[in-house]
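**Student:** Plus 120 on top of the position in the sequence shown (first one is 1) and you've got the numbering used here.
FYI, nobody ran anything at the bench for these hints, they're computed from the structure.
Incorrect hints may appear among the rest.
[Unchecked claim] Dumping the calculated DMTMM-like pairs for lysine to aspartate or glutamate here, alpha-carbon to alpha-carbon at most 25 Å:
#, residue 1, residue 2
1, Lys-300, Glu-152
2, Lys-183, Asp-143
3, Lys-300, Asp-147
4, Lys-183, Asp-147
5, Lys-183, Asp-146
6, Lys-301, Glu-291
7, Lys-183, Asp-226
8, Lys-301, Asp-215
9, Lys-183, Asp-241
10, Lys-183, Glu-291
11, Lys-301, Asp-186
12, Lys-300, Asp-186
13, Lys-124, Glu-216
14, Lys-300, Asp-215
15, Lys-288, Asp-125
16, Lys-183, Glu-231
17, Lys-124, Glu-238
18, Lys-183, Glu-216
19, Lys-183, Glu-148
20, Lys-124, Glu-203
21, Lys-124, Asp-226
22, Lys-124, Asp-241
23, Lys-183, Glu-295
24, Lys-124, Glu-192
25, Lys-288, Asp-146
26, Lys-183, Asp-250
27, Lys-124, Glu-291
28, Lys-301, Asp-226
29, Lys-124, Asp-215
30, Lys-301, Glu-152
31, Lys-288, Asp-186
32, Lys-288, Glu-152
33, Lys-300, Asp-146
34, Lys-300, Asp-252
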Amino acid sequence: MFSKDRLLFQLSRTRVLTLQMMDRIDDEQWFEMPMGVTHVAWNVGHIAIAEYYLGLFLVRGAKDTDTEIIPEAYSGLFGYGSEVSADRAIYPSPDELRAVLNQVHDQVMMETREMAVEALDEPCTFDHPDFDHHPIFTTKGGSLEWLSYHEHVHIGQMGLLRRTFGQKPIEYFEESRAGKKFV
Numbered sequence: 121m122f123s124k125d126r127l128l129f130q131l132s133r134t135r136v137l138t139l140q141m142m143d144r145i146d147d148e149q150w151f152e153m154p155m156g157v158t159h160v161a162w163n164v165g166h167i168a169i170a171e172y173y174l175g176l177f178l179v180r181g182a183k184d185t186d187t188e189i190i191p192e193a194y195s196g197l198f199g200y201g202s203e204v205s206a207d208r209a210i211y212p213s214p215d216e217l218r219a220v221l222n223q224v225h226d227q228v229m230m231e232t233r234e235m236a237v238e239a240l241d242e243p244c245t246f247d248h249p250d251f252d253h254h255p256i257f258t259t260k261g262g263s264l265e266w267l268s269y270h271e272h273v274h275i276g277q278m279g280l281l282r283r284t285f286g287q288k289p290i291e292y293f294e295e296s297r298a299g300k301k302f303v
């Protein structure tokens, strides 16, 4: 049912948009909460931990080496049910967040490329008390597909934050016509 090539394309293209959005927000604004709800740093950390859970944990289960790609503290800081704090001292720096985001994404892309296409239709590994099922999908391919959709939600949140910082809408078509590459 799932096309591995299509999933890899979606994951790759979605990440381009995420990085484009992150790069358009000054690091000093990453911890601002103009609406009192969230900030850019939390969204970036949340994308990283969600990609770990959706792209690795639910697909192949936990591995002892996972802490080399995603710090254990990320679940509490950025995971499902975490609460955003205005205290920037409790969070990693923007550079650290970018590094973890990239590490997790590289691992997901590598393991997905190496996965047998038939495995995409297999049931997810739900062996965590908080993640005994998912309301949207049941298969590994569904988890990888949802990963892209979920990330787009957080691109939108960062875009809204960017606008509240007084920045103009991104003119993707004009930028593309002027030669900017979105790859």
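**Student:** Next, verify each hint and record whether it holds.
**Tutor:** Results of checking the hints against the structure:
no. : hint              : verdict
1   : Lys-300 / Glu-152 : violated (28 Å)
2   : Lys-183 / Asp-143 : violated (31 Å)
3   : Lys-300 / Asp-147 : holds (22 Å)
4   : Lys-183 / Asp-147 : violated (32 Å)
5   : Lys-183 / Asp-146 : violated (35 Å)
6   : Lys-301 / Glu-291 : holds (13 Å)
7   : Lys-183 / Asp-226 : holds (16 Å)
8   : Lys-301 / Asp-215 : holds (23 Å)
9   : Lys-183 / Asp-241 : holds (21 Å)
10  : Lys-183 / Glu-291 : violated (42 Å)
11  : Lys-301 / Asp-186 : violated (33 Å)
12  : Lys-300 / Asp-186 : violated (35 Å)
13  : Lys-124 / Glu-216 : violated (30 Å)
14  : Lys-300 / Asp-215 : holds (24 Å)
15  : Lys-288 / Asp-125 : violated (35 Å)
16  : Lys-183 / Glu-231 : holds (13 Å)
17  : Lys-124 / Glu-238 : holds (9 Å)
18  : Lys-183 / Glu-216 : holds (22 Å)
19  : Lys-183 / Glu-148 : violated (35 Å)
20  : Lys-124 / Glu-203 : violated (34 Å)
21  : Lys-124 / Asp-226 : holds (16 Å)
22  : Lys-124 / Asp-241 : holds (11 Å)
23  : Lys-183 / Glu-295 : violated (42 Å)
24  : Lys-124 / Glu-192 : violated (29 Å)
25  : Lys-288 / Asp-146 : holds (14 Å)
26  : Lys-183 / Asp-250 : holds (18 Å)
27  : Lys-124 / Glu-291 : violated (31 Å)
28  : Lys-301 / Asp-226 : holds (21 Å)
29  : Lys-124 / Asp-215 : violated (31 Å)
30  : Lys-301 / Glu-152 : violated (29 Å)
31  : Lys-288 / Asp-186 : violated (39 Å)
32  : Lys-288 / Glu-152 : holds (18 Å)
33  : Lys-300 / Asp-146 : holds (20 Å)
34  : Lys-300 / Asp-252 : violated (43 Å)
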